[in-house]
Amino acid sequence: MSWKDILSSSLHQLLAPSTQTCLTCGKMIRSGGCGVNGFTEICAACYVSIPWITVPRCPVCGRAVGCPDCSRAGQAERYFQINRSVVQYNAAMREWLAQYKFRGRESLGPLFAQMMKLAMRGMLKELSDRSGVSRGFFDGITFVPVSEARMLERGFNQSRTLAYGAANVAKAPVLELLERSRHTEKQSFKNRKQRLLELKGVFKPVPDAAGKLEKVFLAQPYSLSPVRLLLVDDVYTTGSTVDTCALALHDICGKLGRSAEIYSVTWARS
Amino acid sequence: MRAAVYVVRLERAFWKLMVSLDVGTDLRWCLQQRGWLVDGGGEGVFENKPQLERSERMILLSASMPLGWGVSLRDRFQSRLEMDRWDMRDWRRYIVDALKRELEQERKLRTGELLYEQRLLELQSGGLLWTSQQGITAMGESLLGQLGGGRKRGAEKMSLGIGEAVGEGAWGRQAYDWITASGVVMGAVVDRADDGRWEEAVEVGARRIAAALEGRSLLEAELQQLLVERLPELLPVWRSAVQHAHLQGRVLITAGVAAATARGGRGPLARPRARYRCRRCGSEVHSRTPCGSCGSSGCAYCEACLAMGRSRSCALLLRGSARAVPPAAGGTGGAPTESLLDRWGLSPAQRDAASAALRFLAQPQGAPAAPRDRHGPGGLHGGPRPAAWSIAHAARFPLALPRQRANSCAPALTDGHAGASRGGLAPPGRPAQSRFLLWAVTGAGKTEMIFPLIDYTLCTGGRVLVATPRRDVVLELAPRIGKAFPEQKLAVLYGGSSQRWEEARLILATTHQLMRFYHAFDLVIIDELDAFPYHNDPMLAFAAQESCKNTGRFIFLSATPPAQMQREVRQGEIEHAKVPARFHGHPLPVPRRIRIDPVENCLRRHSLPSALATALIESIQRAAQIFIFVSRIRHIEPLTELLRRRFSGIRIEGTSSQDELRADKVLDFRATEIRMLVTTTILERGVTVPKSDVFILDADSDLFDEASLVQMAGRAGRSKDDPAGRVWFASPEWTRSQRGAVRQIRSMNTIARKKGFLH
Chain X
1 MSWKDILSSS LHQLLAPSTQ TCLTCGKMIR SGGCGVNGFT EICAACYVSI PWITVPRCPV
61 CGRAVGCPDC SRAGQAERYF QINRSVVQYN AAMREWLAQY KFRGRESLGP LFAQMMKLAM
121 RGMLKELSDR SGVSRGFFDG ITFVPVSEAR MLERGFNQSR TLAYGAANVA KAPVLELLER
181 SRHTEKQSFK NRKQRLLELK GVFKPVPDAA GKLEKVFLAQ PYSLSPVRLL LVDDVYTTGS
241 TVDTCALALH DICGKLGRSA EIYSVTWARS
Chain S
1 MRAAVYVVRL ERAFWKLMVS LDVGTDLRWC LQQRGWLVDG GGEGVFENKP QLERSERMIL
61 LSASMPLGWG VSLRDRFQSR LEMDRWDMRD WRRYIVDALK RELEQERKLR TGELLYEQRL
121 LELQSGGLLW TSQQGITAMG ESLLGQLGGG RKRGAEKMSL GIGEAVGEGA WGRQAYDWIT
181 ASGVVMGAVV DRADDGRWEE AVEVGARRIA AALEGRSLLE AELQQLLVER LPELLPVWRS
241 AVQHAHLQGR VLITAGVAAA TARGGRGPLA RPRARYRCRR CGSEVHSRTP CGSCGSSGCA
301 YCEACLAMGR SRSCALLLRG SARAVPPAAG GTGGAPTESL LDRWGLSPAQ RDAASAALRF
361 LAQPQGAPAA PRDRHGPGGL HGGPRPAAWS IAHAARFPLA LPRQRANSCA PALTDGHAGA
421 SRGGLAPPGR PAQSRFLLWA VTGAGKTEMI FPLIDYTLCT GGRVLVATPR RDVVLELAPR
481 IGKAFPEQKL AVLYGGSSQR WEEARLILAT THQLMRFYHA FDLVIIDELD AFPYHNDPML
541 AFAAQESCKN TGRFIFLSAT PPAQMQREVR QGEIEHAKVP ARFHGHPLPV PRRIRIDPVE
601 NCLRRHSLPS ALATALIESI QRAAQIFIFV SRIRHIEPLT ELLRRRFSGI RIEGTSSQDE
661 LRADKVLDFR ATEIRMLVTT TILERGVTVP KSDVFILDAD SDLFDEASLV QMAGRAGRSK
721 DDPAGRVWFA SPEWTRSQRG AVRQIRSMNT IARKKGFLH
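Protein chains in written order, with full-length UniProt numbering: chain X, 1 to 270; chain S, 1 to 759.
One chain only, chain X, in its complex shape:
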């Protein structure tokens, strides 16, 4: 055995200080990461660089800066109550999401879920301050679906992972209620009107959506208050995806004779 072998042997590894690589920047860091708020996979520098939205400026869409869309007069009816987002969609966050969503680096999933948890805490606090309902605010959590072709190609739905992160804090069941009847082109290159037009009729209830919701209703059979559902997506840009899905969710609840309130949470707000 040469010195080289000994130095790379497991015996030597035992004596070395324990390190790991930062999930997002790849640098060697001490194991346990920055450790802040349960973020054990990334380094302090990466954690600090996250552009959290702690205080949304727009009460409707949760944007961190002033929002012309929501304050515009005479705008169309909105089918969701409010949206809140975890981070601002800057270049770094865009890269993180691209790594996860398009490259398929699923090891980033837990990090995103952890970020969702943090944001959910803030959102729940805000909602309970406003409504006085402190526990079990949401009856169910659902997410924006991907098309079947996309699912076959990508193998996962990023919004679903995010939804499970949110559910962990909101303590509500994750319900798969919607499906995407056709695949739409990338949303990023279109304006609001084009998006709304294209999204028309894209989201449909899954075959047993009613059954899944009825189980939720059984938990509170005589309640007259509306069902509160939380819709999860990755990025909120113009709100058209969220709005279209919210409409579809209203439809499902309406057919079951219940009114609904749809809230939305997304990982990023652009």
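Don't read these hints as lab results, they were simulated from the structure. Source: prediction; values computed, not measured. Certain hints may be false.
[What the hints assert, rightly or not] Result set (BS3-like, lysine-lysine): computed pairs, CA atoms no more than 30 angstroms apart in a straight line:
id, chain 1, residue 1, chain 2, residue 2
1, S, Lys-108, X, Lys-117
2, X, Lys-27, S, Lys-665
3, S, Lys-720, S, Lys-665
4, X, Lys-27, X, Lys-117
Assemble the complex: chain X is given as a structure, and chain S must be docked to it using the hints.
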């Protein structure tokens, strides 16, 4: 993705298990009794001529299961006598047993879930499709009918655009009628029910797809991109076409990530355990996630080569067999003669080495002078080993070999059936390619030396790859190679290259692109083999190994070969030629030493050591361009400031990997606008600036190894007009690396002097 799995009983009394992307294609193949490819089983692996064997029964085991499972079933499959008596229940049991490990993992991941096994394996979808006595069964008929989709639908489709037909899904119910005499795509639709035309369409499609896949190793997504660019008419039928080519033995269907059994460590407690390896990059795979594409809860994916597209357990990986090149001796190329070297205008030192390399290329195959090492650069075991021995050994002791990454994966790479077929998909345990090292000092003119080698290989009908780790080097080399071979089509490949899917016999690529090739090249030249990211990346070494044909040759170029390879050179284990002198025939500048305090201290005191300042003044006075190398990026800014204050008359800049203006600054430095450039090892190679002096500060830093010291020193004295540039190692300590670098430079100068290469 998911794929079908079936078995056929061949006339010579054994069974064969196949994976299919489109089982209808296989059934038609079977009905026509075209015969199945079978290994010849001759003496020794290389005489193993594939034969066609007719079948007498075809049984579908599953219409759809995770591709990775199907592939591992196939790769582990062994025919047994009792299989002749098996009914469907036995086959189902067999599959559940053969996939025990996968199902066990699945069970662990799906606590409390019921019936997932049935959903995943779809064994109830199986059944007898055809026998030679009774012909096609009802199930077989309905399978063909189902896939046919009906004429009416086909007719409806006629009027639709190509986008719609693509949207129809990869199963390709219709094929565009591209079989016109002129080869023009007509845009009409062939319905699957129209047997004759469909057959013809698939046949032609298979031929085209197999040609496009020659020597390639592509994931499904990459194939799709290739089709969109080169064969858009095949998009609706690609599954059938690929399957047809697979049956012909021209394309191997496999999974991106596969289990390779390996010992779980050393010592008495070691137990074999399943490890997953990426077949494309050879890396061990640890990440497993639920997969919406195959339905498994623990579909493994490779994080190492993610940047090249995701390789996973259920990802389709296609490998096309490359066309064999007629042996050099019989070809018109003939043995290389000295005259081959004349047209390139080489210096005596270059010419000497190039002719040694040519002789190496012309050696008959199978009789290399030096022992080879299948692991390429940095491989740990040397010594020749007869191929037959290692095969027998591997078969008998499956656990004994797979300690090395390449070995543990290689046997599984070949599909039993397609093995050795058409001179392409090689049998397991193929011998390593022979290797040759061109050890050329910095500024020797390596690029010119490879021209005659490329020329020779192209003339003998071979395919050539020139690979280099860095993209900027690729972009710099491209015009030079293009100019040297104007009549040859050159494909230049790098991330984002527009030529990605082009066909060419001469390819220039970054080392990452090698992952997209499989047994494709007769000559692989790897430039700067010790440079980042190729050096110390087993993934890229694996990719290089895989891209070369069994009979192909490797030529490595380096001014500073890695320690392991230098050792092999000393022990005579690798053929090599040294180019000890620069093209201009002047000796390499030998580094001199200045003893100064660490840069950190100087910066704290805001003072430039006087010894360093004196040397810098001398360089400024002789009007040299001055490289100042530091070990840390954070030193660049303050040091530049310090120098600017001291030498206010000239422009001084700093640059690093984090500098967006780097390229501009280097240009300005070359143009003598900037006179002094403070930088890191980022500029240690690939930069030629006439009349330059080199100062390496903190030369004792452990971030500077021998190789990078030699490279940095190599920036000086490269031009004919100023061959005697000056190199300074400035540091408090005199380290082993510095001593080694000086020794290496001196010994090259000595060799050059002895051989008379110096003026």
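So, going through the hints one by one against the coordinates:
For the proposed pair Lys-108(S) and Lys-117(X), the alpha carbon gap of about 26 angstroms is at most 30 angstroms, so the pair holds. Restraint check for Lys-27(X) and Lys-665(S): the C-alpha separation of about 27 angstroms stays at or below 30 angstroms, so the hint holds. In summary, the hint linking Lys-720(S) to Lys-665(S) is supported, as the alpha carbons are separated by about 24 angstroms, within the 30 angstroms threshold. Under the criterion of a C-alpha separation no larger than 30 angstroms, the hint pairing Lys-27(X) with Lys-117(X) is consistent with the structure, at around 25 angstroms.
When each numbered hint is compared with the structure, no violation occurs for any of them.
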